[in-house]
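Novice: Each chain, letter by letter, is given below.
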Amino acid sequence: MPPKRSATSIGLPTSKRRAINTAATKAIKVEQEQAAQSSSQKLKQDFIKLFNDQPYKHNGVSNSQLKNLFKEQYASLPMIINDLIQESRLTMSKVGSELFYNFVTEELASKFAGLDVSARMVYQVIEKVGNKGIWTKDIRIQTNIQQQALNKIFKKLEDRRLIKPIKSITAKAKKLYMLYDLQPAKELTGGPWYSDLEFDHEFVAELRNFVLLCVKKMNGGKGISLKEIANKMKEANVSRVQLNLNEVAQLVQTLAFDYLIEQNGTNLNGEALFVAAKRCSSCCDFKWWEVLSPDFHFRDIEFEDGVLLTKHEPHHHTG
Amino acid sequence: MSNCFGGFTVTSPISSTSHNPLHDLRSNCIRDYFGPTCQTVADCLVSRGICTVSDLLVYIRYQCKRDVNSERLKLVHGLDPLRKGRKVANLNLARGSEDNGFVVDASAVNAALIVLLQHSLVKVIAPSKPSNGEFVKYKYMLDAEQSLYLQRYPRFVEYAKKMFQETGAAIVEELLANGRMTGSEVIKGALAILENLISGEMPKEERKLLIQKIVDTFQIMVESGYVENVVPIDSSFSNSNSSSSDSQVLETNPSFAQNEINDEINVHLLNTSKTIFVDGAVWRVNVRMFHSSLRAFYLGRLVAERYDQIQFSGAVVSSVLKFIAAKEFSRKFQSKYRSEDEKQMLLAEKKSFTAYDIMDFLPPMILSDFKNKAGGALVNLSSLLSELSTLIYPPVLEEIEEANGHPQGGKFEIATRPLLSYLKDRIFHQVVKDHFGDTAARICSILGTKGHLESDAIADSAMVPAKEAREYLHQLYKANYISMLYLHQSKQHNPANALYLWCIDKRQMEETVLKNISCALLNLRLRRQHEVEQGKDWIERAKLAGNTDENDSEMDKINYNKFCQGLERLDNACLQLDETLMILLEFDK
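Heads up: the protein sequence lines correspond to chains A and B, in order. All residue numbers for the first sequence refer to the UniProt record's numbering, where the first residue is 1 and numbers rise by one. All residue numbers for the second sequence refer to the UniProt record's numbering, where the first residue is 1 and numbers rise by one.
Just to be clear, a hint being listed does not mean it is correct.
Pairs of lysine to aspartate or glutamate, EDC-like flavour, derived with a Cα cap of 20 Å [to be verified]:
(1) A:K222 / B:D308
(2) B:K450 / A:D181
(3) A:K287 / B:E468
(4) B:K350 / B:E413
(5) B:K478 / A:D200
(6) A:K222 / B:E305
(7) A:K172 / A:E206
(8) B:K350 / B:E399
(9) B:K350 / B:E401
(10) A:K172 / B:D456
(11) A:K175 / A:D138
(12) B:K411 / B:D357
(13) B:K467 / A:E202
(14) B:K506 / B:E413
(15) A:K287 / B:E510
(16) A:K172 / B:D425
(17) B:K161 / B:E205
(18) B:K562 / A:D300
(19) A:K311 / B:D438
(20) A:K287 / B:E568
(21) A:K167 / B:D578
(22) A:K155 / A:D196
(23) B:K450 / A:E247
(24) B:K562 / A:E302
(25) B:K467 / A:D196
(26) A:K186 / B:E468
(27) B:K515 / A:D138
(28) B:K506 / A:D258
(29) A:K311 / B:E568
(30) A:K287 / B:D537
(31) A:K287 / B:D571
(32) A:K217 / A:E262
(33) A:K311 / A:D295
(34) B:K478 / A:E302
(35) A:K287 / B:D425
(36) B:K515 / A:D285
(37) A:K278 / B:E228
Quick caveat, the hints were computed from the structure, so don't treat them as lab data. On a predicted model such as this, the values are computed, not experimentally measured, just so you know.
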């Protein structure tokens, strides 16, 4: 007699048997997938968590560091990385020969959502130049995008507050673009001495006069240091912008070059003391340098008290 | 060459197109003071260098003579005059008039040379005597610097008046106007000037006192070095020791020509206690001593202004510089030298002095102040000098031997060069400031301090927009005050890549300032001369009028006054420029 078959196998038609096998396989697969998914999720969370730790929080993580940290799981990272890049949650940059990954906040990532490749390229080009800004012509050359399309991209990025247009003191008619959150460099704005892209001569003159007054009046005119001048300026609220010590030093230096103030010793802290320069007879009282012009003899000379020397008529003789 | 003044000529026939304003200025000064013939001779000496009279004559005739038909010359030569008493007819061989400097006559050239010699504008180079007794030819060389002093004479007279009152001023004026004179001529001339100042006739006694005063002042001026004895040109003295020749002259008993012995001036000269006024002695103003004294005044003023916290600093520095000048020029010091070698050795250390040395040169008020303080004059003066030696910007003195315990109050050396350098820097700064503005002057200061800089860095330091800074830099570069250095970044010249660095060269700056001052001075002088030429009539009328009013109408009077005022303005401007020129050219010597 043949051996007895199990209840499951005896009597079930083949299709059913096949269906059972497929379902079982599927269930196994789903279980496996679920397990894999959960481990992948965990890996992703671990990966994201890494960016909250020092020193990766600000500097990013390099590829070699990832290899060291994740070891066997490193091979599973590319997929996670790709997903995150797709979601705009991760950026990549190259420092030397090393690849670096930086995490992007959700808020920022939401700004990048929906941006096409061209827009991201433009953004990257602008990001690269930092606070120096970049001309639209240079963006066009680097990205090879036509001006019309570029203008649309600029509008899109500006609306999302990712970039902003600025102007430079060296070329007021041209537009520069830079990242929204960055402060333009001093070379572009001109520093505190410029307002509305114009050098504010009156402002500078006012500050110089104030410094001169401080030097003459404070401490009985015996000498004051740079810090004391800066503090006094802050106290008196003379400047519309806060001036740092270097900027005050710049003002003091121009007065020294004009022979209006000079250094006279140091205080107990070793800081230089400045006093008003002594008046010095320069032995050059002549101010009338128009005399050097070739047509001096053919000019009327009128003095302050109305005395007039009339010009000679040009009259050329040979010999 | 076209002359923008029309018929009014300002150059000699030998002058070429102007390229050196200093040279043109010197030539103009000679023309203004001595006339066109002297200018022609002076220009010839500049052009030919050292030459003899015959060389001079040949070259001048070559430039000034015109081609004359020999037949015509024969016809005119020896023609009898049409009327009795008139001179024999002569053809003018010059290309132009004598007023324009065209001269061919040997006597005129010789006379001009003598005038230039008289005023020490030309030096004589006496050759060594040839052994076979051949005819000796003297050579002549123009002392170009002396010609610039001509416009400075009023300043010397003013200084002499300050030091020696009206008497000294009259002596200096007389000597400067005549170039060189004997002792008695000087006294006579000064007496005439002083008598003119007094209205009415002078009583005899007063006159005698005045003559004695003039003689005494002259003696003081000779002893202190303001008036110097002119060494004879004769080559027999050229090889001998000059100091011994001076002493030989000094030791000679005064002997005057018999026919002059009754002259009242010579009586006074004979009665002087020292044997200074010897027969044949010729005197002239020692311009170098005047320059040294003026330098003492200007540097003393500079120190007084810079270091006003130290009492009497300026006066002490002036006294030091006066002592140094006296060491070099005063007879009192020169008679102490035993030999020429000793003199040279001591003059090499001319800038060093002790506190004791300068006490005689301090103003009496300051000396008495020092005496009245505790410690006495020497101690107080010594401590003041030690204090001055600690100053550094600019340095004033250097302490060579410590004052403490020194029998003469310490030995010091005056820092003349740093003081002068500081004064010059202030002058250059002022010139650039007046010419181009505050910002340009600031840029020059920045470049002087920081060296080579790019235009952006200069704009940053000067606190001006970059575009403005570039404009100023180009103006200064065009005027030759600053220089530019450009560095290629690649093998091929590419202006877009090159680095342009600006810098300042002090020597170039000084040359440019000198050139501008000379040019300005020349233009002012020419303008003044032309104004005088145009206003000749007024000046003639003023001379002839005397006490009466030379002007016919009120309008005429107003115009004449304005004319005089205009000339006065031009004169003041010339004096201001000359002061700066003096500091830049003379104080370094």
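Novice: Now tell me if each hint is right for this structure.
Specialist: Results of checking the hints against the structure:
{"no.": "1", "hint": "A:K222 / B:D308", "verdict": "13 Å, holds"}
{"no.": "2", "hint": "B:K450 / A:D181", "verdict": "37 Å, violated"}
{"no.": "3", "hint": "A:K287 / B:E468", "verdict": "23 Å, violated"}
{"no.": "4", "hint": "B:K350 / B:E413", "verdict": "9 Å, holds"}
{"no.": "5", "hint": "B:K478 / A:D200", "verdict": "28 Å, violated"}
{"no.": "6", "hint": "A:K222 / B:E305", "verdict": "16 Å, holds"}
{"no.": "7", "hint": "A:K172 / A:E206", "verdict": "25 Å, violated"}
{"no.": "8", "hint": "B:K350 / B:E399", "verdict": "15 Å, holds"}
{"no.": "9", "hint": "B:K350 / B:E401", "verdict": "16 Å, holds"}
{"no.": "10", "hint": "A:K172 / B:D456", "verdict": "17 Å, holds"}
{"no.": "11", "hint": "A:K175 / A:D138", "verdict": "11 Å, holds"}
{"no.": "12", "hint": "B:K411 / B:D357", "verdict": "10 Å, holds"}
{"no.": "13", "hint": "B:K467 / A:E202", "verdict": "18 Å, holds"}
{"no.": "14", "hint": "B:K506 / B:E413", "verdict": "25 Å, violated"}
{"no.": "15", "hint": "A:K287 / B:E510", "verdict": "18 Å, holds"}
{"no.": "16", "hint": "A:K172 / B:D425", "verdict": "39 Å, violated"}
{"no.": "17", "hint": "B:K161 / B:E205", "verdict": "24 Å, violated"}
{"no.": "18", "hint": "B:K562 / A:D300", "verdict": "14 Å, holds"}
{"no.": "19", "hint": "A:K311 / B:D438", "verdict": "30 Å, violated"}
{"no.": "20", "hint": "A:K287 / B:E568", "verdict": "16 Å, holds"}
{"no.": "21", "hint": "A:K167 / B:D578", "verdict": "53 Å, violated"}
{"no.": "22", "hint": "A:K155 / A:D196", "verdict": "24 Å, violated"}
{"no.": "23", "hint": "B:K450 / A:E247", "verdict": "18 Å, holds"}
{"no.": "24", "hint": "B:K562 / A:E302", "verdict": "11 Å, holds"}
{"no.": "25", "hint": "B:K467 / A:D196", "verdict": "16 Å, holds"}
{"no.": "26", "hint": "A:K186 / B:E468", "verdict": "18 Å, holds"}
{"no.": "27", "hint": "B:K515 / A:D138", "verdict": "50 Å, violated"}
{"no.": "28", "hint": "B:K506 / A:D258", "verdict": "18 Å, holds"}
{"no.": "29", "hint": "A:K311 / B:E568", "verdict": "17 Å, holds"}
{"no.": "30", "hint": "A:K287 / B:D537", "verdict": "32 Å, violated"}
{"no.": "31", "hint": "A:K287 / B:D571", "verdict": "14 Å, holds"}
{"no.": "32", "hint": "A:K217 / A:E262", "verdict": "15 Å, holds"}
{"no.": "33", "hint": "A:K311 / A:D295", "verdict": "10 Å, holds"}
{"no.": "34", "hint": "B:K478 / A:E302", "verdict": "28 Å, violated"}
{"no.": "35", "hint": "A:K287 / B:D425", "verdict": "17 Å, holds"}
{"no.": "36", "hint": "B:K515 / A:D285", "verdict": "17 Å, holds"}
{"no.": "37", "hint": "A:K278 / B:E228", "verdict": "39 Å, violated"}
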